[in-house]
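Visitor: Chains A and B, in that order, are what the protein sequence lines are.
Counting in our numbering, the first sequence runs from 1 upward without gaps.
Counting in our numbering, the second sequence runs from 1 upward without gaps.
Bear in mind the hints are in silico, worked out from the structure with no lab data behind them.
Accuracy of the hints is not assured; some may be wrong.
Said to hold, decoys possible - Derived list of chain A stretches under chain B, where covered just means 3 residues or more per stretch with a C-beta under 8 Å from a C-beta of chain B: (1) 8-15; (2) 403-415.
Stated by the list, open to error - Which bits of chain B does chain A cover? Going by a derived footprint, with three or more residues having C-beta under 8 Å, they are: (3) 42-53; (4) 70-79; (5) 102-108; (6) 139-150.
From the three backbone atoms N, C-alpha and C, an ideal C-beta is built for every residue, glycine too.
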Amino acid sequence: MYHAVLTRTYLTTKVMPLLAALAVMLCAAMVLIVWSVMGGFLVKLLESGRATSGDVKITFPNQGFAHYDELVKMLEADTAFVAAAAPIIETAGLVSLPDDRLEIATIRGVDAASYSRVIDLPGMLHWKPLDTPVPKDTLGRDPRLDPELREKMARAFENGLTMTRPDPISGKPVPAMISGIEMTGLSFRQFGGWYEFRPQFVNAIGKTLPDGSVTWINGFMPDKFLTLRLLPIDSEGRVVEMASLTLPVANEHRTGVFELDKRMILVPLAELQAKLKMDESRGVAARDPYDPDAPATVARTIPARVTTVVVRAKPGVSPDELRSRAEAVYARWEADHRGRVPSASLMKANSLIRTWKMEQQQIVDAVENEIGMVVMLLTFISFTASFLILAIFWAMVSEKTKDVGILRAIGASRLGVAWVWVRYGLAIGILGSTLGLTLAYLIVTNINEIHDWLGANLGIVIWKPNVYYFAEIPRKINPLHAGFVFAGGIAMSLIGAVVPAWRAATMDPVRALRFE
Amino acid sequence: MPTTDVNSPMVSSAAGPTAGQPVLRARGVRKTYRLGRVNVPVLRGVDLDVGAGEMLAILGKSGSGKSTLLHLMGGLDRADADGGGEIAFDGRSIRSMSARELNDYRCSTIGFVFQFYHLLPELTVLNNVCLAAMVRWGRLGYSSRRAGIEARASELLEAFGLGGRLKHRPAELSGGERQRVAIARALINEPRVLLADEPTGNLDRATGSQILDLLAEHQRRTGLTMVLVTHDNEVAARAGRSVRLVDGVVAV
Ligand SMILES: Nc1ncnc2c1ncn2[C@@H]1O[C@H](COP(=O)(O)OP(=O)(O)OP(=O)(O)O)[C@@H](O)[C@H]1O
Ligand SMILES: [Mg+2]
Numbered sequence: 001m002y003h004a005v006l007t008r009t010y011l012t013t014k015v016m017p018l019l020a021a022l023a024v025m026l027c028a029a030m031v032l033i034v035w036s037v038m039g040g041f042l043v044k045l046l047e048s049g050r051a052t053s054g055d056v057k058i059t060f061p062n063q064g065f066a067h068y069d070e071l072v073k074m075l076e077a078d079t080a081f082v083a084a085a086a087p088i089i090e091t092a093g094l095v096s097l098p099d100d101r102l103e104i105a106t107i108r109g110v111d112a113a114s115y116s117r118v119i120d121l122p123g124m125l126h127w128k129p130l131d132t133p134v135p136k137d138t139l140g141r142d143p144r145l146d147p148e149l150r151e152k153m154a155r156a157f158e159n160g161l162t163m164t165r166p167d168p169i170s171g172k173p174v175p176a177m178i179s180g181i182e183m184t185g186l187s188f189r190q191f192g193g194w195y196e197f198r199p200q201f202v203n204a205i206g207k208t209l210p211d212g213s214v215t216w217i218n219g220f221m222p223d224k225f226l227t228l229r230l231l232p233i234d235s236e237g238r239v240v241e242m243a244s245l246t247l248p249v250a251n252e253h254r255t256g257v258f259e260l261d262k263r264m265i266l267v268p269l270a271e272l273q274a275k276l277k278m279d280e281s282r283g284v285a286a287r288d289p290y291d292p293d294a295p296a297t298v299a300r301t302i303p304a305r306v307t308t309v310v311v312r313a314k315p316g317v318s319p320d321e322l323r324s325r326a327e328a329v330y331a332r333w334e335a336d337h338r339g340r341v342p343s344a345s346l347m348k349a350n351s352l353i354r355t356w357k358m359e360q361q362q363i364v365d366a367v368e369n370e371i372g373m374v375v376m377l378l379t380f381i382s383f384t385a386s387f388l389i390l391a392i393f394w395a396m397v398s399e400k401t402k403d404v405g406i407l408r409a410i411g412a413s414r415l416g417v418a419w420v421w422v423r424y425g426l427a428i429g430i431l432g433s434t435l436g437l438t439l440a441y442l443i444v445t446n447i448n449e450i451h452d453w454l455g456a457n458l459g460i461v462i463w464k465p466n467v468y469y470f471a472e473i474p475r476k477i478n479p480l481h482a483g484f485v486f487a488g489g490i491a492m493s494l495i496g497a498v499v500p501a502w503r504a505a506t507m508d509p510v511r512a513l514r515f516e
Numbered sequence: 001m002p003t004t005d006v007n008s009p010m011v012s013s014a015a016g017p018t019a020g021q022p023v024l025r026a027r028g029v030r031k032t033y034r035l036g037r038v039n040v041p042v043l044r045g046v047d048l049d050v051g052a053g054e055m056l057a058i059l060g061k062s063g064s065g066k067s068t069l070l071h072l073m074g075g076l077d078r079a080d081a082d083g084g085g086e087i088a089f090d091g092r093s094i095r096s097m098s099a100r101e102l103n104d105y106r107c108s109t110i111g112f113v114f115q116f117y118h119l120l121p122e123l124t125v126l127n128n129v130c131l132a133a134m135v136r137w138g139r140l141g142y143s144s145r146r147a148g149i150e151a152r153a154s155e156l157l158e159a160f161g162l163g164g165r166l167k168h169r170p171a172e173l174s175g176g177e178r179q180r181v182a183i184a185r186a187l188i189n190e191p192r193v194l195l196a197d198e199p200t201g202n203l204d205r206a207t208g209s210q211i212l213d214l215l216a217e218h219q220r221r222t223g224l225t226m227v228l229v230t231h232d233n234e235v236a237a238r239a240g241r242s243v244r245l246v247d248g249v250v251a252v
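Using the sequences and the hints given, assemble the complete structure.
Guide: Structure (structure tokens):
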């Protein structure tokens, strides 16, 4: 009982131990903030990957595989597990940007209608009319809010959904592509997180002309064209000559994954198939040289190919469950086309049917390792708080020597006296950890605002969207991590309190009483 | 464990007459402080019997070892390891008590009033008094007895003229008031023996004798055994018996 009374009294009358609680608070907050941001980074990486690539991908790179429509149909027939599946082509190429720079691009051939069923295409499209500003655009300067641009935005959105753009002369829709918002440099990310293209607000990008002068380029990307250079590979895996594909831009996509926003271009599937020679083609037999009127006969048909089928899981189905289902479906499909499509065992052996996490295993592992190391280092650093508590408690035990003597003199046991101090340490730990968790929560949930404020007022920009994958710093705290940090803060305080407590317990009561 | 011969005639005459079995019995108690290489013998063979229900005054010059003797009898300190003599409570040697028994002894059997009050500065007067009961009963025991204990504490403080000061802190009290709080704390567990180190040393004559009246009254009601250390012959005169410490022994 006296433990409780004394702890309470000391807590409310002594300032020094509150400093110790402050130290615990700062350490706990530091560890949790770093852990949350880095852990959030990983979660975001996984989520964004899933949002842009579906839950499971069936891929046979470069050459691709034929009869994909049947595979899609068979996958979608598995209605308990599969929500939707879509064929796409994934390839690499070069994109020549409006300022004639050549950049490496990840080119994805997609059919807007089927792709939208697997991937949230409307959500990815950046240019669309907006009624309420994005959270950090406090002044509402986002061009998507501008009533004068509303129609332009609506048109771009419409075009993006169908991946077409009306031909200026005929007015008929022609196939168009969707480029990444960070790709061309014409859309500038503002501090508030929105993008600006209007020339009166942003710098133009320049290109050098042959006479040495510079011409300046600016404007709205969905009004422009882009040219891709592609490397077609035939069904046998042979490289055909370079192909070039120029298409209007329908809209720009923004996934939040910087790498994708910088590199990925969506192109209509049919156009890409044609350029990559992955469309259906007919081999024509030679004509009869003696009969000029004889028609050409079709010797054989080479079916169209894609490199990948993306699959979305039904709600509640884990990616791993979906993967094993997809493997089974693939095996059945392969049985129907034996010898003409990659064998199921090969796909399995090379892990070509995989979840997004597996695809990114390397980076996921790296990030996980990094998190573990940083958290461990910070935990070590946080042990300084233990020593701080030790020092403060040591001083307090010295100051309270007489109290210890009194307690022992009126019959308190050694253990009882020690418990006064351990309990006090516990209280400091709980107080510090609670404050630390609160502080971490406040900082992490407002981290982007704080970061922007630092950037705007002090010029400190720590999180650069071109260094990290994400434009925004993750702002979620994992409750499990919070629990660990809480326990850690308490453990630290206890460790700091144990030595002084032992010292108090071993004091000689009479000596303690005579202490001045 | 060596015990001194309790029947030595010289010793019993020095110990003084007591009716029946003494509550506290000291035989040949020696206490030597070691200062560096120098030994400072403070008690050199104290023999003393304290009878049940008696009020004994211990007189002696400053530095004669009165507080030291009281500490030894209260189980706060130990006599010299070899040939330090023996202190027994109800015939039971304090030396033979386990740590736990010793804690119980300090807590419930003995009430100790320190020369320098020794109150906890952060606690209120009431909590300072109740502290001894908290130590005695532990968390659960105290919680269930709390009302009764606090009532008794207020009653004691009331009797000592501190009824209005329950929520005050020791620093807000005068020396004499603190001394009275310390006495209340010593009595809260209803001990069998009160060991008081100059309980009236800081009080004016009138208040001092008032406190002594209260203690005498308390003694009449409860049969409390009291050992008072004092410089004051008048206080000693009120005690049933007084002994004097001279040169580390009890002078006749
Ligand atoms: N821890 C210690 N180390 C060395 N000497 C000590 C120690 N404690 C007490 N002494 C010495 O023991 C002697 C007796 O001390 P004690 O406090 O018992 O005297 P006292 O009779 O109570 O005196 P007073 O009337 O002044 O309170 C003193 O000379 C003191 O210096
Ligand atoms: Mg003294």
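Visitor: Taking the hints in turn, state whether each one holds.
Guide: Hint check results:
no., hint, verdict
1, 8-15, "holds (count 3)"
2, 403-415, "holds (count 11)"
3, 42-53, "violated (count 0)"
4, 70-79, "holds (count 4)"
5, 102-108, "holds (count 6)"
6, 139-150, "holds (count 3)"
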